Amino acid sequence: MNDDRELADLLGRAPPASPDPVFRFDVFARVTERARRREAVSRALNQVAVYAAVGLAFPVARAAGLDWPAAQPVLLAGGAVAAAAAVALVTILGPRSLLHRWLALLRGAF
Amino acid sequence: MDPGEETRLIGRARAGDMRAYGQLVDAHQSAVRGFLRRLVGNHADADDLAQEAFARTWEVLGRFDGSSSLRTFICGVGFQYWRRSRRAALRRRAREDAYAELADAESAPPARAAARLALRRAMDALPDDQRAALALCLGQEFTHAEAAEALGLPLGTVKSHVARGRARLQAALGVAEKAS
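Order-wise, the sequence lines are chains A and B. Start counting the first sequence at 62; every next residue gets the next number (my numbering). Start counting the second sequence at 6; every next residue gets the next number (my numbering).
Hints are computed from structural coordinates only; laboratory data are not their basis. In this text the structure is predicted, and so the values were computed from the model without any measurement. Careful, some of the hints might be misleading.
[Stated by the list, open to error] Derived coverage of chain B by chain A (criterion: at least 3 residues anywhere in the stretch with Cβ under 8 Å from a Cβ of chain A; other residues may be distant):
#1 22-35
#2 52-58
#3 120-133
[Claimed, not checked] Partial list, derived from the structure: chain A residues whose beta carbon lies under 8 Å from chain B:
#4 Asp65
#5 Leu68
#6 Ala69
#7 Ala78
#8 Pro80
#9 Asp81
#10 Arg91
#11 Arg95
#12 Arg97
#13 Arg98
[Claimed, not checked] Chain B residues, not near chain A, derived (Cβ > 12 Å throughout):
#14 Phe69
#15 Ser72
#16 Ala93
#17 Leu141
#18 Ala150
#19 Glu151
#20 Pro159
In this text, a Cβ means the ideal position worked out from N, Cα and C, and glycines have one as well.
Looking at chain A on its own, in the form it has when it is part of the complex (with noise of 0.2 Å):
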């Protein structure tokens, strides 16, 4: 009863050395898993960075003492290229890609 062996197999004993596919499987659900936490993680500070300097762009230029009338045109011009911008990305990587059901609605169409 005193052989070290008896004791560790007392206190939890091994798992067989053959390996176990299941095992395996939790293991890469974790890794899978942690990486998509990680991504969401990079994600929502992502947005709250580009939200913040947004937050932040309008005292800053007031600060600087760009007053309205003089920082129109370039807001409009800024305001209609992240437009564009934003549109053009929902329409090439967006979540149901309108470019690609576009296609599929132009290819049952011919």
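Please build the complex by placing chain B on the supplied structure of chain A, with the hints as guidance.
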């Protein structure tokens, strides 16, 4: 697994080859799970920790410099996870362990079950480092030097932890045998 093959698989896994990492998981899971089972006492919690340790190792494989074996490295990661999760586990164990120990004890012959419970209590009373050193070395799967690497302790400390811990477990076992 021979060291050359392991080095080759680690190189492939570092490049993102999950199949190679799967082979490394297969090769080392028994030793890592055995260590954590002895350390934690509850098989389900130990396997959870082992899976987390393997998943974390996949992320930090680039930091593995090859100065120790991968098995030792993963055990070190598992040990750090165990330490971090211990506070939360202590709260949870108050609820769950009584039932788990009872379930484990029911499946073993009475004398053996009493010995297991006495050993587990003695093990739980040991300091973290001593407990981990014992869990690594008692099963004779790890040398003292490997345990020292995994736990980040001097070799002499590990040897003394194992000798003192073994004495305390044997004392606990003597009490249990007299009680049964």
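Verification of the hints:
For the stretch 22-35 of chain B, the stated coverage by chain A is satisfied: 7 residues place a CB nearer than 8 Å to a CB of that chain, which reaches the threshold of 3. With a threshold of 8 Å between beta carbons, the proposed coverage of the stretch 52-58 of chain B by chain A holds, since 4 of its residues qualify and at least three are required. A count of 5 residues in the stretch 120-133 of chain B with a Cβ less than 8 Å from any Cβ of chain A is obtained; the coverage claim is therefore met, three being the minimum. Hint status for Asp65 (chain A): holds, given a least beta-carbon distance of 5 Å to chain B, under 8 Å.
Contact between Leu68 (chain A) and chain B, as hinted, is supported at the beta carbon level, the nearest pair being about 5 Å apart and thus within 8 Å. Checking Ala69 (chain A) against chain B by beta carbon gives a least distance of about 4 Å; that is within 8 Å, so the hint holds. Using the Cβ-Cβ criterion of 8 Å, the hint placing Ala78 (chain A) at the interface with chain B is satisfied: the shortest such distance is roughly 5 Å. The restraint placing Pro80 (chain A) at the interface with chain B holds, with a minimum CB-CB distance near 3 Å, inside the 8 Å limit.
This hint holds: Asp81 (chain A) has a C-beta 6 Å from the nearest C-beta of chain B, less than the 8 Å allowed. The beta carbon of Arg91 (chain A) is positioned within 8 Å of a beta carbon in chain B (closest approach about 4 Å), and the interface hint is therefore held. Nearest Cβ of chain B to the Cβ of Arg95 (chain A): about 6 Å, under the 8 Å cut. The hint holds. A cut of 8 Å between beta carbons decides the hint on Arg97 (chain A): the least distance to chain B is about 12 Å, and the hint is violated.
Interface restraint check for Arg98 (chain A): the shortest CB-CB distance to chain B comes to about 11 Å, outside 8 Å, so the restraint is violated. Consistency note on Phe69 (chain B): stated as away from chain A, and its beta-carbon is indeed over 12 Å from all of that chain's, at 16 Å minimum. Its beta-carbon lying about 24 Å from the closest one in chain A, Ser72 (chain B) satisfies the requirement of being farther than 12 Å from that chain. Under the 12 Å C-beta cut-off, the non-interface status given to Ala93 (chain B) relative to chain A holds; the minimum distance is some 18 Å.
Its beta-carbon lying about 10 Å from the closest one in chain A, Leu141 (chain B) breaks the requirement of being farther than 12 Å from that chain. Against the 12 Å criterion, Ala150 (chain B) stays outside the reach of chain A, whose nearest CB is about 17 Å from its own CB. The beta carbon of Glu151 (chain B) is kept farther than 12 Å from every beta carbon of chain A, the shortest such distance being approximately 15 Å. At roughly 22 Å from the closest C-beta of chain A, the C-beta of Pro159 (chain B) stays outside 12 Å, upholding its exclusion from the interface.
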